[in-house]
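Below, each chain spelled out in residue letters.
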Amino acid sequence: MTVRATYGEAIRLGFEYLMERYSNVFCIGQGLWSPWYVGNSMTDLDHKFGRHRVIDTPVSELACTGAAVGASLCGYRAIVIHPRMDFMVLAADPIINQAAKWSHMLGGQAAPAVTVRAIINRGGEQGAQHSQALHSWFAHIPGLRVVMPATVQDARDLLISAVLCDDPVMYIDDRWLYDLSEDLPDVVERDLRSEKPRVLRSGKDVTLVGSSYSTLLCQQAAVELEKQGIDAEVIDLRVLNPLDTTSVVESVAKTGRLVAVDGGWRTAGLAGEVIARVSESLGRFKSRPIRVTLPDAPAPTSKPLEAIYYPDSQRVIEAVQETLAVAR
Amino acid sequence: MTDVSVTRASDLGGLANPARPLSPIDVGAYDDATLRHFLTLLFRIRFAEEKVGELVERGLAKAPCHLGIGQEAVAVGVSAALNARDRVFGGHRSHSHYLALGGDVYKLLAEVLGKLDGTSRGMGGSMHLYGRELGFYGSVPLVGATIPLAVGAGIAAQMEGQGAVGVCYFGDGATEEGVFHESMNLASAMRLPVLFVCENNLFSSHLDINLRQPSDRIGRYGDAHVVNTRSVDGNDTVAVAKAANELVTHARNGGGPGLLEAVTFRHRGHVGPKEDIDVGVRRRQSDIDAWKRVDPIPRLISALRDANRMTAGEIAQLEQSVRKEIDEAATRAEAAAYPEERALLDLVYIGGASK
Ligand SMILES: Cc1ncc(C[n+]2csc(CCOP(=O)(O)OP(=O)(O)O)c2C)c(N)n1
Ligand SMILES: [Mg+2]
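In order, the protein sequences belong to chains A and B. Sequential numbering from 1 applies to the first sequence in the numbering used here. Sequential numbering from 1 applies to the second sequence in the numbering used here.
No lab work stands behind these hints: they were computed from the structure. Hints are supplied without guarantee of correctness; some may be wrong.
Looking from chain B toward chain A, a few residues come up when the C-beta cut is under 10 Å (computed) [what the hints assert, rightly or not]:
{"hint": "1", "residue": "Leu113"}
{"hint": "2", "residue": "His128"}
{"hint": "3", "residue": "Val140"}
{"hint": "4", "residue": "Leu149"}
{"hint": "5", "residue": "Gly171"}
{"hint": "6", "residue": "Gly173"}
{"hint": "7", "residue": "Thr175"}
{"hint": "8", "residue": "Leu344"}
Subject to a maximum C-alpha distance of 25 Å in a straight line, what follows is the list of computed SDA-like cross-link-like pairs (lysine to any residue) [stated by the list, open to error]:
{"hint": "9", "chain 1": "B", "residue 1": "Lys274", "chain 2": "A", "residue 2": "Gln129"}
{"hint": "10", "chain 1": "B", "residue 1": "Lys274", "chain 2": "B", "residue 2": "Ser286"}
{"hint": "11", "chain 1": "A", "residue 1": "Lys303", "chain 2": "B", "residue 2": "Val279"}
{"hint": "12", "chain 1": "A", "residue 1": "Lys303", "chain 2": "B", "residue 2": "Glu340"}
{"hint": "13", "chain 1": "A", "residue 1": "Lys303", "chain 2": "B", "residue 2": "Asp346"}
{"hint": "14", "chain 1": "B", "residue 1": "Lys62", "chain 2": "A", "residue 2": "Ser313"}
{"hint": "15", "chain 1": "A", "residue 1": "Lys303", "chain 2": "B", "residue 2": "Gly53"}
{"hint": "16", "chain 1": "B", "residue 1": "Lys292", "chain 2": "B", "residue 2": "Glu275"}
{"hint": "17", "chain 1": "B", "residue 1": "Lys62", "chain 2": "A", "residue 2": "Ala307"}
{"hint": "18", "chain 1": "B", "residue 1": "Lys324", "chain 2": "B", "residue 2": "Arg8"}
{"hint": "19", "chain 1": "B", "residue 1": "Lys242", "chain 2": "B", "residue 2": "Lys292"}
{"hint": "20", "chain 1": "B", "residue 1": "Lys292", "chain 2": "B", "residue 2": "Arg8"}
{"hint": "21", "chain 1": "B", "residue 1": "Lys274", "chain 2": "A", "residue 2": "Asn40"}
{"hint": "22", "chain 1": "A", "residue 1": "Lys196", "chain 2": "A", "residue 2": "Thr6"}
{"hint": "23", "chain 1": "B", "residue 1": "Lys62", "chain 2": "B", "residue 2": "Gly272"}
{"hint": "24", "chain 1": "A", "residue 1": "Lys254", "chain 2": "A", "residue 2": "Arg198"}
{"hint": "25", "chain 1": "A", "residue 1": "Lys48", "chain 2": "B", "residue 2": "Gly280"}
{"hint": "26", "chain 1": "A", "residue 1": "Lys303", "chain 2": "B", "residue 2": "Ser286"}
Using N, Cα and C, we set each Cβ at its ideal position, and we do this for glycine too.
Only chain A is shown next, with the shape it has when bound in the complex (with noise of 0.2 Å):
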C-alpha cells in the first residue's frame, strides 16, 4: 500500500517505524519536544514512544552525543539528532574520534550503531554559524558511514538502514528538501552496505551528480536541458562515505562530460572528489569536467548577498552549456 507522504513526513515515518519495531531505538537531541526545531519530521515522537524514548535534552551536543554513542556500544540502537549541523561541530569528538575509530582500534571487536543524524538549515539570512553543510568533511572520516537522502523514499528508507547498520552513521537531510512531496511504498528493510549512487535520469549528453539538495537542483536543470534539445543523466550520490562512483565512471564513459553539483564549499568538497575519481578512471572527456558549488566563502546574512551565495538550477545549466560549448 503506497502512501503520500513529504520529505519532514517521510523521516517521521521513519522514526515510527523503527520505534514500534525496535525497543532498543531511542532519540536524543534539542528540540525533540518542540516542533519547530526539526520542522515536521518528528512531529509528536515524544508522545507516541514516551518521553523517556525521544529525549529533549540540556544545550549540550557534546555529552549528548557522547552518551548516544555509550548507549550504542551497550546494546541500544541510539539516534542522536542535532538540529543543526553547525552546532554538531562542538561534538566532533565523539564522532571522529570515538565512533568512527571504534572498530578498526579495537580489532573489529566493537561498534556504536549509533546514528547521528544532522540537519542542514540554510538560507533565511541567518548567516555563517547557522547555514553550514559540512557532510564532506565528515566523509573524508573512514569508519563513519555518511549517507544524504535527495529523495522523499530516501529520506524514510536511508534512515531506516541507517539506525539499522551496525557501524555509525551519519544522516544528512536538508530543510530545503522537506516539501518534496512522492507516493511512497511499503517499507523494505534493506542492508546500507549495498546501498549505492543511483541514476535517477538517463541521459546521454552529459553527467549531472549531485547529493541531497544539488540533486534537485540537478533534476531541475534537467528537465530545462531537455527543452534545450540536451539530454542530461542525473545521478545522485545517496552514500557520500564509502563513496562508489562506478555509475558515475560508467555515465561519463558514456556522456563524455561531467558536472559535479555541491552545496558544500569548493576546496577540498565533494564535487571535487568526484571529478577527481572519474578522472583516475577515465583517459578522456569531451570537455574539463566542471563543479558547481558555494564560494569559498562563509554565508553572508544580507539580502543581495545571500541572493548570489547559494548555486541554484540556472547555474547548473550555464555549466552544462560551458561543457557543450567546447568542441563536441
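Could you slot chain B with the ligands onto chain A? The hints should help.
Leaving out everything else, chain B with the ligands in the frame of chain A:
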C-alpha cells in the same frame, strides 16, 4: 501544541519567583547623572528592541532576532562597572550588551537589516554584533562560544597588567555546555580578571531550567570552580551594578574571576517578537504577567520618583526623546545601502580580497 511544564522547588528562592514581595530599588549610592544615564539606557534598549520586533513583523529583518525585552537591567548594571579598556563578548541575545556600552542605535538597526553602516558592516545581522570602539569585542549565536574568548581577554589583561577585565554574557542554557566549566576552571586556576555574567532567565528556548538541570541556581557552579559569585535580582539595575562592581573591582585587583548570576525573564519568546510562543511551544501567560510586574523599567522609575531624583515630567521627556532617536535611526537604517557583492569574497580573510 506541546506544553512543557514542570514544578520543582527553587534553589534561587525568591529570585526566581516574580510574585515575591519586592523591596524598593535603593538608588542612594548613585548621583543624579548616573541614574539618569541608567534610565536612558533602559529606555534605549527597550525601544530599540521593540523596533527590531517591528522590523521582523514587517518582514524587513529576516534573520533570527532574539529580543531581551525584560532583561535590560543586566547589561545596564554590568556596563556601569566597566571602562574603556575592558573587553566584552556577547551571545545570540546581545542587543542590550552592545547598547549598554554606549552602542549606536542606528548602527544596530542597520546591522539587523544587513546594511553596510551596521555594526558588522551588514555581514552579520542581529546575531553577530561588533563595536570595538566601545570595548564590545563581538557577539555570536553559537551558545557558549564566547565564554572562553573572554577568558582569553582575561589572559591578555593579566599580561598587560593595566587592570582591565574580560567579560562574557551568556544564558543559563550555556552553562550546560562543557566549555563553560572548562573556562571557569581555567580562569579560576590562573586567577584571571574575568567577569562571567549569566543572565539566568530560567529558560533555554522552550525548556524550563528545571527540565535541564537539577537546580535552578547557576551560582552553584561558582562554588564548584572556586569563583567569587553573586546571585542577584536581574531586574534591579542597582543591585546588578553593585554586584558587578564588587566582582570587577576584585578581579582588577588580582582576586581572580567572578560569576554574576542575574535572575531575570524575557517577555518575548525565544526568537522573534511574539510573547506567547517559544519555538512552537506555548508559554505560560501567568509567568509573563508575573514577570511584567517586576519589569526593570517601571521599578527604576518609581525608585527615582520616590527618592525625588527625577520628576514625572523629566521622565516623560526623556522617554519621548529616546523614542524619537530610535524612530529616526530606524528610518535612516531602512534607507541605508547594502554591502557590495564583492564583500562576499573580499572579507573572507582580513585585510582584503581573497583569491
Ligand atoms: C552550540 C549551540 N547549541 C544550540 C544552539 C541553539 N540555541 C540558540 S539559543 C539557545 C538557548 C540558549 O539558552 P540560554 O543560554 O539560556 O540563553 P537565552 O536564550 O535564554 O538568552 C539554543 C539552544 C546554538 N545556537 N548553539
Ligand atoms: Mg536562558
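Legend entry - Hints violated by the structure (numbers, ascending): Of the numbered hints, 4, 18, 26 do not hold.
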